[in-house]
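Novice: Sequences listed follow chains A and B, in order. With the working numbering, the residue at position 77 of the first sequence is 77, and numbering never jumps. With the working numbering, the residue at position 57 of the second sequence is 57, and numbering never jumps.
Okay, derived cross-link-like pairs now, EDC-like style, lysine to aspartate or glutamate, Cα gap no bigger than 16 Å in a straight line:
#1 B:K33 to A:D96
#2 B:K30 to A:D96
#3 A:K91 to B:E37
#4 A:K94 to B:E37
#5 B:K38 to B:D205
#6 B:K29 to A:D96
#7 B:K209 to B:E37
Derived by calculation from the structure, the hints in this document are not laboratory data.
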Amino acid sequence: MEKYGIVTIGLMVALAIAIFASPFASSFPDGLEWVAEKVGFLHLSEEYAAWTKSPVPDYEMPGVGNPAVATALAGLAGTLAVFLAGFGLAKLMKSDKSGGSAA
Amino acid sequence: MHIPDGFVSTELSVAAFAISGAVAAVALKKAGKDLGEKQVPLLGVTAAFVFAAQMINFPVLGGTSGHFMGAVLASVMLGPLNAFIVMLLVLSIQCLGFADGGLTALGLNVFNMGVVGGIIGYYMFRGILAVSGKSKNGYAFAVGAASWLSIVLASSVCAFEIALSGTAPLKVVLPSMAGVHALIGVGEAVITVSVVSLVAGVRPDMLHKQMSEARA
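So here's chain A without its partners, still in its complex pose (with noise of 0.2 Å):
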């Protein structure tokens, strides 16, 4: 495998992660929600939400029926979108008056 081997591989590792293991993600609350809801303060988070627009909310793509297929599909779009605005920045920001020296 020649330069770009490890990114190819490290790209399908992580879309197979986000498409195959999301559906099986624990549904117990995150360490923050149990806290907040055994301290009492969680429902302050449920009161309002500053950003209503997000495309994919929650993880599940609107308008799949199954929840596994929607939350694996939320996990390809967000994994993709990801890797492709991380190179795109990276790029920028490499080819920003860097000289190269760090090559």
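Since the structure of chain A is already known, use the hints to place chain B on it.
Specialist: Just chain B now, kept in the frame of chain A:
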């Protein structure tokens, strides 16, 4: 530990946006110099892996779950400033695209996971490495210990923010947050050590340049 809207005061949210914004401005300007030519696509892959792995909540204790954070993983692979960039990107996309983490709390979440997790996590790793030695085991120990510490520290800072906002008393929220995250941190350490060892075994040249030198 993604803070939702409603847990923290407006003053603290604004202050955190200012601090995280300032760090972002510096990181966007300087992180490119710290990135090897071959690491450009690796930043995208690391961010993608962090996003995907953060979806996988694993159960801890009865009735609680935690998930991977990935800040120390990113900092060992790409250096502290690029780790911050990775966390900034992942947290912003989670917040805006997936309603995970409140928009008003985005500055705080970026501070907790990007600055505390990624940047401070990196220097904790370097500090531990100086003591543990740069053998294979010493390296793995430093990666694991820094990963665990990054979770406990970031969650403790999160507890301070909630207490400072007057949402809950510190003496209640700090031990709870640190306690449950001490367990979640074990998962963080296992995953980070596994991934870094795997990459170091196959392509050590892909790691952050100071890391490859440390291992040479």
